[in-house]
Amino acid sequence: MTKPPPVITLLNDFGLLDGYTGAMKGVILQISPLAQIVDLCVNVNPQDVFGGAYILYTAHKYFPKGSVHVAVVDPGVGSNRKILCLKTKDYIFLAPDNGILSFIVDDEEPEFIIEVTNDKYFLPNVSNTFHGRDIFAPVAAHILNGVNPEELGNKISKIESLNLPRPVLSPEGVLTGEIIYIDSFGNTVTNIHHKSVERVRSSANNNVALTSGDISIEIAGKKILRISESYAESNSGELLAIFGSSGYLEIAANRENAKNILNVNKGDKVVIKNN
Amino acid sequence: MTKPPPVITLLNDFGLLDGYTGAMKGVILQISPLAQIVDLCVNVNPQDVFGGAYILYTAHKYFPKGSVHVAVVDPGVGSNRKILCLKTKDYIFLAPDNGILSFIVDDEEPEFIIEVTNDKYFLPNVSNTFHGRDIFAPVAAHILNGVNPEELGNKISKIESLNLPRPVLSPEGVLTGEIIYIDSFGNTVTNIHHKSVERVRSSANNNVALTSGDISIEIAGKKILRISESYAESNSGELLAIFGSSGYLEIAANRENAKNILNVNKGDKVVIKNN
Amino acid sequence: MTKPPPVITLLNDFGLLDGYTGAMKGVILQISPLAQIVDLCVNVNPQDVFGGAYILYTAHKYFPKGSVHVAVVDPGVGSNRKILCLKTKDYIFLAPDNGILSFIVDDEEPEFIIEVTNDKYFLPNVSNTFHGRDIFAPVAAHILNGVNPEELGNKISKIESLNLPRPVLSPEGVLTGEIIYIDSFGNTVTNIHHKSVERVRSSANNNVALTSGDISIEIAGKKILRISESYAESNSGELLAIFGSSGYLEIAANRENAKNILNVNKGDKVVIKNN
Chain X
1 MTKPPPVITL LNDFGLLDGY TGAMKGVILQ ISPLAQIVDL CVNVNPQDVF
51 GGAYILYTAH KYFPKGSVHV AVVDPGVGSN RKILCLKTKD YIFLAPDNGI
101 LSFIVDDEEP EFIIEVTNDK YFLPNVSNTF HGRDIFAPVA AHILNGVNPE
151 ELGNKISKIE SLNLPRPVLS PEGVLTGEII YIDSFGNTVT NIHHKSVERV
201 RSSANNNVAL TSGDISIEIA GKKILRISES YAESNSGELL AIFGSSGYLE
251 IAANRENAKN ILNVNKGDKV VIKNN
Chain L
1 MTKPPPVITL LNDFGLLDGY TGAMKGVILQ ISPLAQIVDL CVNVNPQDVF
51 GGAYILYTAH KYFPKGSVHV AVVDPGVGSN RKILCLKTKD YIFLAPDNGI
101 LSFIVDDEEP EFIIEVTNDK YFLPNVSNTF HGRDIFAPVA AHILNGVNPE
151 ELGNKISKIE SLNLPRPVLS PEGVLTGEII YIDSFGNTVT NIHHKSVERV
201 RSSANNNVAL TSGDISIEIA GKKILRISES YAESNSGELL AIFGSSGYLE
251 IAANRENAKN ILNVNKGDKV VIKNN
Chain G
1 MTKPPPVITL LNDFGLLDGY TGAMKGVILQ ISPLAQIVDL CVNVNPQDVF
51 GGAYILYTAH KYFPKGSVHV AVVDPGVGSN RKILCLKTKD YIFLAPDNGI
101 LSFIVDDEEP EFIIEVTNDK YFLPNVSNTF HGRDIFAPVA AHILNGVNPE
151 ELGNKISKIE SLNLPRPVLS PEGVLTGEII YIDSFGNTVT NIHHKSVERV
201 RSSANNNVAL TSGDISIEIA GKKILRISES YAESNSGELL AIFGSSGYLE
251 IAANRENAKN ILNVNKGDKV VIKNN
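Chains as they are written, first to last, in our numbering: chain X, 1 to 275; chain L, 1 to 275; chain G, 1 to 275.
Be aware that a few hints might be false.
Repeated chains share a single entry, so a pair holds when one copy, or any two copies, can fit it.
Unchecked claim - Derived pair list, reagent style DSS-like, types lysine-lysine, alpha-carbon separation capped at 30 Å: (1) Lys195 x Lys120; (2) Lys222 x Lys82; (3) Lys3 x Lys273; (4) Lys61 x Lys222; (5) Lys158 x Lys87; (6) Lys89 x Lys120; (7) Lys82 x Lys120; (8) Lys269 x Lys87; (9) Lys223 x Lys158; (10) Lys89 x Lys223; (11) Lys120 x Lys3; (12) Lys195 x Lys269; (13) Lys89 x Lys61; (14) Lys120 x Lys273; (15) Lys222 x Lys273; (16) Lys61 x Lys158; (17) Lys65 x Lys3; (18) Lys269 x Lys155.
Quick caveat, the hints were computed from the structure, so don't treat them as lab data.
Chain X with its partners taken away, still in its complex shape (with noise of 0.2 Å):
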């Protein structure tokens, strides 16, 4: 059988709109020809390095064990900021040291990481304002070949990290979350994981039964009574909460854009609490 080509997947702000997520990908494959390279998302919002971590989060651990993530929001490029490349258990993460790994990191602890500064695998020429193009595309391409992520620099232990919001349990019971992502449909993303409702569930003293009918989930002044099973256990354009495909509660609409209706941004509030 073929070996499979490797996997490359690309998340950055360049967006398609110019010839920069090309000319990465030719970069790539003038040094590694038969790399499989997928866009992991090439719109992330400018310079939304959070939004480029959760996005980079939920996804990347649908991708083959081995694949090299390369992560490229980066409005530090050209000064000092760190260029890291970070193992963990199934994957390589190239990316700028901003606090766009802090998702995975926070989930995972990594292998190793190391900051990269050994320009034999950069393009001859560095730009100071291009360095997905110049430094993290041909990095990624020799990693591929088999190059050694220890021969790209030294070992390093500490990185930056986004402040992650937690979502806070009171005392009576009353669980705030916040909104950390809102999707191009308009769902809203909270920061309320089903682990950690779960462990809440599980918990001896348990005040909080979220999934059960008693409850109340305030967002923007309104109110939704219970957690869907799907979109669909809803009326067209009716608001509802739901446990995404990322395991995060969303608050939703069904056949609609919840954002609109809500009129709700990245960090709003989220209460959840029993009537």
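Dock chains L and G against chain X, hints included.
For chains L and G alone, coordinates are given in the frame of chain X:
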């Protein structure tokens, strides 16, 4: 010669602003690492089953025989809507049973249709909100790997169908069609197909000499007096009628946006008659 | 070692909202199933030949030698405009003869140019509105398969050219350029290339010490007093001048959108002088 990699095309409304389409590709590559994955169109208007059906129909036939077309515009995700595996002479389609295959089956009798129920080929944890990633992608990849579609579930004979609008020819020889699609250039595609026009023209008592110089095409209160052979026949900005690349009559404007000039929408009437 | 799959890049203004780019890829894979197809950029502004020419020029050279670049911004489709197959030292270009290769031929003498006329390599039914799918895609795929470009038609020596604006150096040492491209970050790219600046600087009676601290760059009534080495040298939101990744001088704003700050457009003047 190396065996060509099998082709999977993706049509959906997940867009490119989130990680959804990326995650689907990751799942496919985990199961079928040699797959050649092509975006047929992943920017269908959110939940626009008709638009997705039209795009799928016009583009699918340009792909290699044996391609698996995965079409997931799926507002009913998580409801009890069926999931279909439909085989035509040259292609296999995976799609929710919501009419998105209407143009396909209108054009060609399927060889068989299967209701996909065998969760052996799904991801282990199926969400209720993202069957594209959890069901469609892995099933498509398994088909590429050689799984017999008959293993996916039972054959069925009846599927949901959209109400495809047909042009109407009055006894007086007036042909009334409507706009069924507007592309991103502002070209307005009608439901009047070249074939149906030829059928009219070749009938004995043909009252409508559609490509002759003495007809008029009325749309939004404007008259166009002939059917052009190319955009370039008209002056810049001038409205024109032309059989587009899909075979349907389009109202376009040379180097301009006909939709904006006419201020028309899907469903608006187009009337063709002798002067 | 497996022979690397041949690379085709696509540049066009078909966008990703319809099935047009998808259909082109289907056609390519029917003829050349091992092709590695990369979107160089398929979101050029509709019918913006100049913008397409610029993107093609800046990105094409990052692809592997031997890549076939298919550039179809083609407002004249269906007219008698020629179709070109142009060979440079490292690449083959397929494009309409409308100036889209202007930056390429301005930079490098082509090895040959062929007017593509041999319909043996077209799709059997060529529409008048979508030569990207019916002519460019199949011809490119046949070239990838080894068809000699000379079989496509006759050699020609003269092609259409855009009027590429050149910066002007006055006797007083004032250099006047203009904006030729604005990217999706709002960075405004001028026609003042690093090389031309170096040429000025290395001339004996050099009046313009462009990277010294005593120059000013004027754009839209604002003055910038030096050329930065990186975005990060400036404060957030501050305008800066920098040689971008394409080698041209750009007016940017650290973590902000310079186009919006300046309210400038393509063609607006940029003036560099000694203070």
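Verification of the hints:
1. In this assembly of identical chains, Lys195 and Lys120 lie within 30 Å of each other by CA distance solely across copies; the values are 25 Å between and 44 Å within a copy.
2. When the C-alpha separation of Lys222 and Lys82 is checked against a cutoff of 30 Å, the pair qualifies neither within a copy, at 44 Å, nor between copies, at 33 Å.
3. Proximity of Lys3 and Lys273 under a CA criterion of 30 Å is satisfied in neither setting, with 53 Å inside one chain copy and 59 Å between copies.
4. Proximity of Lys61 to Lys222 under the C-alpha cut-off of 30 Å is found in neither arrangement, the shortest distances being 34 Å within a copy and 48 Å between copies.
5. For the identical chains of this complex, Lys158 and Lys87 are intra-copy neighbours only, at 14 Å inside a copy versus 50 Å across copies, given an alpha-carbon limit of 30 Å.
6. In this assembly of identical chains, Lys89 and Lys120 lie within 30 Å of each other by CA distance both inside one copy and across copies; the values are 26 Å within and 26 Å between.
7. Taking CA atoms no more than 30 Å apart as the test, Lys82 paired with Lys120 passes inside one copy only; the shortest distance there is 17 Å, against 44 Å between copies.
8. For the identical chains of this complex, Lys269 and Lys87 are neighbours neither inside a copy (34 Å) nor across copies (48 Å), given an alpha-carbon limit of 30 Å.
9. With identical chains, the CA atoms of Lys223 and Lys158 are never at most 30 Å apart, being 42 Å at best within one copy and 41 Å at best between copies.
10. For the homomeric pair Lys89 and Lys223, neither the shortest alpha-carbon distance inside one copy (41 Å) nor that between copies (52 Å) is at most 30 Å.
11. For the identical chains of this complex, Lys120 and Lys3 are neighbours both inside a copy (27 Å) and across copies (25 Å), given an alpha-carbon limit of 30 Å.
12. For the homomeric pair Lys195 and Lys269, the shortest alpha-carbon distance inside one copy (19 Å) is at most 30 Å, but the shortest distance between copies (53 Å) is not.
13. Taking CA atoms no more than 30 Å apart as the test, Lys89 paired with Lys61 passes inside one copy only; the shortest distance there is 11 Å, against 36 Å between copies.
14. Proximity of Lys120 to Lys273 under the C-alpha cut-off of 30 Å is found in neither arrangement, the shortest distances being 57 Å within a copy and 38 Å between copies.
15. Proximity of Lys222 to Lys273 under the C-alpha cut-off of 30 Å is restricted to the intra-copy arrangement: shortest distance 13 Å within a copy versus 55 Å between copies.
16. Proximity of Lys61 to Lys158 under the C-alpha cut-off of 30 Å is restricted to the intra-copy arrangement: shortest distance 23 Å within a copy versus 37 Å between copies.
17. In the homo-oligomer, the alpha carbons of Lys65 and Lys3 lie at most 30 Å apart both inside one protomer (14 Å) and across protomers (24 Å), since each shortest distance falls under that limit.
18. Taking CA atoms no more than 30 Å apart as the test, Lys269 paired with Lys155 passes in neither setting, with 39 Å inside one copy and 48 Å between copies.
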